[in-house]
Structure formats: C-alpha cells, structure tokens
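Participant: Please take these sequences and the hints and turn them into a complete structure.
Protein chains: 2
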Amino acid sequence: MKRQQITDFELFDIVTCGDEEEKQLLLEEEIELQGWVRTNRDNGSIGFIEFNDGTYFKNVQLVYTVDTKNHDVISAFKTGSAVKIQGKVVLTPENKQPFEIRVEDAELLGDVFEDYPLQKKRHSFEFLREIAHLRPRTNTFMAVFRVRSVLSFAIHEFFQSRGFIYVHTPEITTNDGEGAGQVFDVTTHTSKDPFEFYGRPVNLTVTGQLHVEPFALTFRDVYTFGPVFRAEHSNTVRHASEFWMVEPEIAFADLSDNMDIIRDCIKFCIEYVEEACPAEMEFFNNMIDKTLLERLHHVVNSDFKRMTYTEAIEILQKAVKDGHKFENNDIFWGMDLQSEHERYITEVVVNGPVFLIDYPKEIKAFYMRENDDGKTVAACDLLVPQVGELVGGSQREERYEKLKAKMDSLGITESLDWYLDTRRYGGCKHSGFGIGFDRLLMYITGMQNIRDVQPFPRTSNNIKY
Amino acid sequence: MKRQQITDFELFDIVTCGDEEEKQLLLEEEIELQGWVRTNRDNGSIGFIEFNDGTYFKNVQLVYTVDTKNHDVISAFKTGSAVKIQGKVVLTPENKQPFEIRVEDAELLGDVFEDYPLQKKRHSFEFLREIAHLRPRTNTFMAVFRVRSVLSFAIHEFFQSRGFIYVHTPEITTNDGEGAGQVFDVTTHTSKDPFEFYGRPVNLTVTGQLHVEPFALTFRDVYTFGPVFRAEHSNTVRHASEFWMVEPEIAFADLSDNMDIIRDCIKFCIEYVEEACPAEMEFFNNMIDKTLLERLHHVVNSDFKRMTYTEAIEILQKAVKDGHKFENNDIFWGMDLQSEHERYITEVVVNGPVFLIDYPKEIKAFYMRENDDGKTVAACDLLVPQVGELVGGSQREERYEKLKAKMDSLGITESLDWYLDTRRYGGCKHSGFGIGFDRLLMYITGMQNIRDVQPFPRTSNNIKY
Chain A
1 MKRQQITDFE LFDIVTCGDE EEKQLLLEEE IELQGWVRTN RDNGSIGFIE FNDGTYFKNV
61 QLVYTVDTKN HDVISAFKTG SAVKIQGKVV LTPENKQPFE IRVEDAELLG DVFEDYPLQK
121 KRHSFEFLRE IAHLRPRTNT FMAVFRVRSV LSFAIHEFFQ SRGFIYVHTP EITTNDGEGA
181 GQVFDVTTHT SKDPFEFYGR PVNLTVTGQL HVEPFALTFR DVYTFGPVFR AEHSNTVRHA
241 SEFWMVEPEI AFADLSDNMD IIRDCIKFCI EYVEEACPAE MEFFNNMIDK TLLERLHHVV
301 NSDFKRMTYT EAIEILQKAV KDGHKFENND IFWGMDLQSE HERYITEVVV NGPVFLIDYP
361 KEIKAFYMRE NDDGKTVAAC DLLVPQVGEL VGGSQREERY EKLKAKMDSL GITESLDWYL
421 DTRRYGGCKH SGFGIGFDRL LMYITGMQNI RDVQPFPRTS NNIKY
Chain B
1 MKRQQITDFE LFDIVTCGDE EEKQLLLEEE IELQGWVRTN RDNGSIGFIE FNDGTYFKNV
61 QLVYTVDTKN HDVISAFKTG SAVKIQGKVV LTPENKQPFE IRVEDAELLG DVFEDYPLQK
121 KRHSFEFLRE IAHLRPRTNT FMAVFRVRSV LSFAIHEFFQ SRGFIYVHTP EITTNDGEGA
181 GQVFDVTTHT SKDPFEFYGR PVNLTVTGQL HVEPFALTFR DVYTFGPVFR AEHSNTVRHA
241 SEFWMVEPEI AFADLSDNMD IIRDCIKFCI EYVEEACPAE MEFFNNMIDK TLLERLHHVV
301 NSDFKRMTYT EAIEILQKAV KDGHKFENND IFWGMDLQSE HERYITEVVV NGPVFLIDYP
361 KEIKAFYMRE NDDGKTVAAC DLLVPQVGEL VGGSQREERY EKLKAKMDSL GITESLDWYL
421 DTRRYGGCKH SGFGIGFDRL LMYITGMQNI RDVQPFPRTS NNIKY
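Chains as they are written, first to last, in my numbering: chain A, 1 to 465; chain B, 1 to 465.
Since the hints were derived computationally from the structure, they do not count as laboratory data.
Be aware that one or more of the hints could be misleading.
Which copy? The list can't say, so a pair holds if one copy fits it or any two copies do.
Quick list of in silico lysine-lysine cross-link-like pairs, DSS-like style, CA-CA up to 27 Å [to be verified]:
(1) Lys404 to Lys84
(2) Lys429 to Lys78
(3) Lys120 to Lys429
(4) Lys84 to Lys23
(5) Lys267 to Lys305
(6) Lys192 to Lys464
(7) Lys121 to Lys84
(8) Lys96 to Lys58
(9) Lys84 to Lys96
(10) Lys429 to Lys69
(11) Lys464 to Lys402
(12) Lys402 to Lys429
(13) Lys464 to Lys429
(14) Lys78 to Lys402
(15) Lys429 to Lys84
(16) Lys406 to Lys464
(17) Lys78 to Lys404
Predicted, not measured: the structure shown is a model, and the values here were computed from it.
Facilitator: Below, the structure written as structure tokens:
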C-alpha cells in the first residue's frame, strides 16, 4: 500500500475541522511525514518526539517503543534533525494534543552537528538575534514570521480587493524624500565614482510617496509596499536602517476620506491575522503580552476619534497644570509631540485609537496641504495605546503656486521638477498615508523590538548576514 | 436628490454584468464622476469627451450640448484636465460603447499647463520613457501597470494559497550572491567610509535565495518577492539595474517537484491575468503582439517537456550538421547556451515550453546539487518560445562536505559560514527557483523592452526620477 504524504497542517486540519469520513480515512491510512525534531525523549520502553514540519505552529507528537522498527536510529534522533516518519494517526481526545502518531518506521534525513546552538532550553531574544538564520525554528520566531507573511498578504488583499493598483516604486533614486539627508549613497563596487553608473549621484529611497503620486493621478487609488532605508544611527527598539513601508495614495480624497481608509485598513489587518493565525495569536497573548488580544479587540471595536493638534495641546497643558508629570512638561503650540504626550492622549484621554489632525506646518513635510488658517496643515497621525504613532498621513498640497513656493524655500524645486508636474497637469485633491509595516507587525504581535520582527534585521553596526 | 458617486469600473460592471434591476436603478440615478479628460471635441451643437478615472482601462464617453449647463466651461476642458461630471447614464447597445453619459453639469478641478506633453497623437515608447511619471496616462502604460499590479498579486495568491510563507529577505547585505562582483556598494551620505554605519562594507543584494533557504529549512515552503540589483552596464532590452525577483524555496523537494511547481505557477499567473484583465490583454493582443493570446494559451495547454542539456547539445549539433545556421555554430558539451540556441530548442524542436535539466557544473552556481555523474548539476531552466529562458532553478547541494569543498574552492566559505549552517543542522533535500518578475511581465504583455514594464526604470545612465 502506498503511504500517504501529509503535512502537520493537513493533520491538524482534518482532526480538528474535518468531517467523520475524512477522519476515518485518515485513521486507516499509513502516513508519511518529513520535518524536524524539536525534542526527543526515550524513557526506555516508550519514547516521544515533538515534531514540526513548518506547515503549522503546533508540534505533532510522535510515539515510539522499543519494538518500533529502527528503534535505535529513532531513539538517537537529536534536536534539530531532519527526519522522515512513517506511522499511523491515533486520536487522543482526552489529551492536550488531539492526536498523536504511532511511529512504525523512521529515517534520519539530515543530522545535526554537536554544536547546534538551539538546545532544549529557553534562549533570550538577544542570543537568538545572533543566529537570525536559525531562530525561526523557535516557537516565538516561527509565530512572528508566519504572522509577518500573513500580514503582508492582508495588506495586498485589503487594497487589491478595493481596486487599488500596486506600484513598485524604485529603491535607487536621485531624491532624498523630505530632504533630511539621512540617506545611504549607492555606487558600483568596481568604481566608487558616484557619477559612474547613472551619470549622477544616487541614494536609496526613504519613501515611495513622491513616486507613487503620479500613479494616483492616473489610476485614482494606488499603493506601494516595499523596502525603504534610513541611515540614522538611532539605537532604539523601534528604528531599523531598512524596513518595509505601505504607502497608499488616493485621488479625489480629502483628509477625512483618508482617515476612513486608514481606520478600515488597520481593522481589516487585525481581523485578518486573528482569523488566519489563531494559534500564533494565542501564543503571543500567553507568552509575550497578556493584554494583546484585549487591546486588539478594543481597536477593532473602536470608532477612531479625531482631535486637532491644538485641542491636544490644550489638554496636555491642562494636565500639566493639574499636576501630571511628563518627562517634558514644557507644552506649547508648535512643539513636536513626544511619545509620552501621544500616549497620554490615546491612553488616558481617549482610551482608544485617535487621529490627531491639523498640525503646525513648520513641523510637517512640505507636500502637506496648508489649511485656511495659514498656520496648520491637513495632516493626520493615528495614535494607539501602548505605542503612540502607528500611521501618518495627510492631504497633499495640490495647489501649484503654493507647493512651488514651499519647494523653492527648501531649494528642492529643480531636483523635483517632475513631481511638480502632478500639479501642472490635471492635478486634483488627493491624500495618502504611510504605515511602517514592521511597526504594525510589532503592534499586532506584541513584540517589543523591531530586530525581532525582521528576518535579518539591519541596524547600526549589525549586519552579520 | 443626492447624486451617486460612481467610478468607471462600477459603470462598466453594472452595464455589462449587472442584473436588470441594478441597470434600471443606474439609469434613474443622477451620477457624479471625477477623473481626467483624455480628449474633448465640440462640433458646436454637440460635444464628446473621452473620460477616464483610472479605475478601468476603457474610457467613458461623455456627451454634452450647447444647452448643457456650464457649456463654455466644459467645451474648454483640455486634454489632461481633472474634472467633476454630473449627468445620467444612457444605454447605447447599438454603439461600440455600451453606454454614454449625458452631462448635466461639470466643473474643472485641475487645469493643464499649455506645455502638457501628452497631446492627442501617438507617442513613441522612447519619447514616453522620458516622461515616466506621465506615461501611465496612455493606453499602453495604463494597461501595463494594471497588469503589473495584478500579476504581483497573482504571485502572492499562488504561493499563499499553497501555504508558502513570504519572507522579506534583506536588500543590504554583506555577500554578493554568486560572487560575480557586479554589485552596488552602499555607504552613508554623510560619511563615505564603507565601515562607518555597519562596521563592514555592504552592498545591495543580487538574490534573496541564500537568505530564504534557512526559512525553507524551518517552514518547508517559502518564497521571497522583492527588489534585487545588478551593477551591469548591459544596455539591452532585457537588463535593468533594479528589478523584482520571485524566489521560492521548497524543503523535501527534488528537481522534478521543483519543475512541477514552476509549471503550475506560470500557468496560474497567465490564467489569473487573463481572467482579471481581459480588456488589457485584448489591447496587447491587438496593438503590441498579434500572436500574444495564442502563444499564452498554447503555454497554458502544454505539458512542459523535460530534456537534458546533453540531449539539447546533441540536437543542436545535428541541426548544424544538417545545415542550420546559428550566429554561433560552434556547439560543444560544456558551452553556455545562447538565446538563439534556447529558442531553437523551444520553438523548432519542442514547439512549446521545455525544461532543460542537468547542466555542466562549471557553468552553474556553486549551490546546485552535483549529479551522480560528477559532471552535471540538478539545474532546470524553463525555456519558452519567443523569449528563451524564463525561469531558472535547481535542487540545492544539501551534502555538507560537497558544498563546503565547492565554497572553499571559491573562497567564500568564511563570509557565508552561516549559510553552511543550513547543511550542518538538520539539512535536507530542497529545491528552489527564481523568476525575474519584470521579464515574466514582458512575456505576458508582449512588451519588448524592460524599460516599458517598470514604473521608473533604472538602467545604466538613466535615472531622472
């Protein structure tokens, strides 16, 4: 009889969701699994292997005895070995695991050198960062990277199902976005001359927004989703020099439309991940952050309030007057809010997600639309409890003269002349926003360090791979 | 009565696919559209506007008369203007267009400067490349970039629905993949010192494969899909310095399994795009390549044949002997096949897609698995008519000693020591492949130049934006 090749995912799926006929069939079949040994303990008469083939978060329990064929080989399987297993499924509804596999035969596919660093014990995240290529084999990182994949797809699903066009904006560019200068330069390895390859100096992009706007003024609803780069030596848990950004841009949308889409997108992503990764989300809630699911459910059920920057300043000033102590108690209109101020607003004042809107123009980017007061711009930052800013967006300055004057004052008109064309040729009201994908992933998993949600994190002085 | 905001896509969808009730409702409603004028001609008593809001490939025809409110404003709408239209839908089943809009009022949202380069005439692709930010407004590029978006999603859909985990492999790295040296170096703008930011010299990645393999040895089925870079001065229609690659990696898969997945993936992508973009594909078939749809259907209906490199060499040698003239007639075992040879095999010999397998090890990458003959490796290149190579893949060398010896001989063992860990710790049979996404898009659209399928192409001496 030919053995049935099957995966962990298929096994759990049939046992927990299959109908009686499927289950019966499974119990009768000889099955074959290929995967890796997480742990192996043999007490002499009976042995247990925690087995995982990567297709599902939970391990499968394998059981063997002294009478199992190739017992000596099986008993010697080391943590980390790649193995092939043949056996039969036995339902164990009385146990924690709904089923186990009675091993009938097994084969070692790939052995493990003695210095394997992932032995059976708890390892610190700091230690695991040093072996980024092996840490996905641990529970936490297997959960993180599956959720990363699912969340990426959720982003695409959200925008594609609403008719948005995905635009691959370029990584190598001649402009540095908002002009902050903290960019990486690019030259060929063979010639270090910055003019050699492209005829002019180039750098890695810090944002796809400027390049995606012309597509919004053609396709109406567009988004870009790809890597961006910052050459900042910020050694914090939230900064990386390479990360992925989601940047939608919507023609004929004002700031209010923009906030509707941000709210819908965040809610969609949370619900999508919870639906697709229940085992992983339960794990995060148990092991990483006991308030995670409660916090996410609260967001999904919130209407996202809106508050002007000016109101927020007044509230913060009143809080200080009433005796609240911030690290920085010097609250004034025109200041850049710090994380502690943002968290006070979202956690204490609103107790839920809140958009701050209409920021002083001096502290926001040149492309944001000036409001009629002449002092503020139509920006919106989404603040959420425990994190602060999660998404930043704005209505864009569509008025040619106003935008050009702003760009002239920054000295960027010449290098971004093509960008101004979007206001010369059939320009219109439009808005957009940016989601730091890695930070959204941190928010949804409860992970506290950006280095622990990126497959191979790139931060200052850290690039082993 | 509140006017119904609607898009081009929704209009075409209701008129061509809606039921009678939906159609009736649409005909009774006052509708409002926002979008751009493609052309506007007013013959005095009646005027016609070709209108497009970016949500659908086909234009909507707007009709106005001297009696239409704001006639003078409407009549003066220039090509490229952003406008708001109010009116009513009229079905015109006897015309080429199944409906038109009788304009009742309209408003200019964004005017067009006199020097607008996209006037009503046919522009060459060469000219349009100089205005990459405006060319999506032409029929060809509106079709190309919508298909690019849909094809991207098809890739994700194919792999996610099969349980593959999407891995964001890094862009900045310390290794140069296959060691060809044609890489871009990265330094901070403020300090040109290559050691300043990361503590060691770094470059842009040429492949995600080496970084994705450790994830396959955890999750079993994984893929990466992101930008890669080559600092080659190749000034051809198929080379760009920045492009997107799809790189799946599958544990426990041999070369034959690998080819099954490649075949299924290519067929899925073609069928997905045809289903999602019928208007665009019809346009490409009419305007770009009259054999396009026939060629694609032929691929979808083909079993993908398999032929060894050695057989191919024998066939080519026989062809030369029988009088066939190649540019390069010097056919010998061990040579790297050129495009003309590949096309002869796929077009003349097979007349359909064909995998060439088991290439001489000297002309293939170090990580490919050596066959038992000691001379060839388990590589597979998918050749298709009119293009030649479309996909390249291989079974990977999982045997530690063999791989280490190969890497020692290339002097890359030290810098890629972490990669060797995947063979030290529970290594197993695995395979993978790479699809140049931009070339696949060229293949599916019939577009002949890679510069015409990338939003902002990056090639030697070409980086205006």
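Participant: From the Cα coordinates, with 27 Å as the cut-off, is the pair Lys78 and Lys404 best called within, between, both, or neither?
Facilitator: between (66 Å within a copy, 23 Å between copies)
Participant: How would you classify Lys192 and Lys464 at a CA-CA limit of 27 Å: within, between, both, or neither?
Facilitator: So Lys192 and Lys464 pass the 27 Å test inside a copy (23 Å) and across (20 Å) alike.
Participant: When no copy is specified for Lys429 and Lys69, does a C-alpha distance of 27 Å or less occur within a copy, between copies, both, or neither?
Facilitator: For Lys429 and Lys69, the Cα distance is within 27 Å only across copies (24 Å; inside one copy 73 Å).
Participant: At most 27 Å between CA atoms: does that hold for Lys464 and Lys429 within a copy, between copies, both, or neither?
Facilitator: between (46 Å within a copy, 26 Å between copies)
Participant: Within a copy, between copies, both or neither: which one fits Lys402 and Lys429 at a CA-CA cutoff of 27 Å?
Facilitator: Result: close within a single copy only, 14 Å intra versus 61 Å inter.
Participant: Since the copies are identical, ignore which copy is meant and state whether Lys84 and Lys23 lie within 27 Å (CA to CA) inside a copy, between copies, both or neither.
Facilitator: within (22 Å within a copy, 60 Å between copies)
Participant: My question is about Lys429 and Lys84: at a cut-off of 27 Å on alpha-carbon distance, are they close within one copy, between copies, both, or neither?
Facilitator: Between copies only: 12 Å across, 60 Å inside.
Participant: At most 27 Å between CA atoms: does that hold for Lys267 and Lys305 within a copy, between copies, both, or neither?
Facilitator: within (14 Å within a copy, 47 Å between copies)
Participant: With 27 Å as the alpha-carbon cut-off, assign the pair Lys429 and Lys78 to within, between, both or neither.
Facilitator: Between. Shortest inter-copy distance 18 Å satisfies the 27 Å Cα cut-off; intra-copy 63 Å does not.
Participant: Is it within, between, both, or neither for Lys78 and Lys402, if the alpha carbons may be no more than 27 Å apart?
Facilitator: between (68 Å within a copy, 23 Å between copies)
Participant: Under a CA distance limit of 27 Å, which applies to Lys121 and Lys84: within one copy, between copies, both, or neither?
Facilitator: Within one copy, since 24 Å is at most 27 Å while 65 Å is not.
Participant: Within a copy, between copies, both or neither: which one fits Lys404 and Lys84 at a CA-CA cutoff of 27 Å?
Facilitator: between (66 Å within a copy, 25 Å between copies)
This entry satisfies every hint, going by the numbered hints stated previously.
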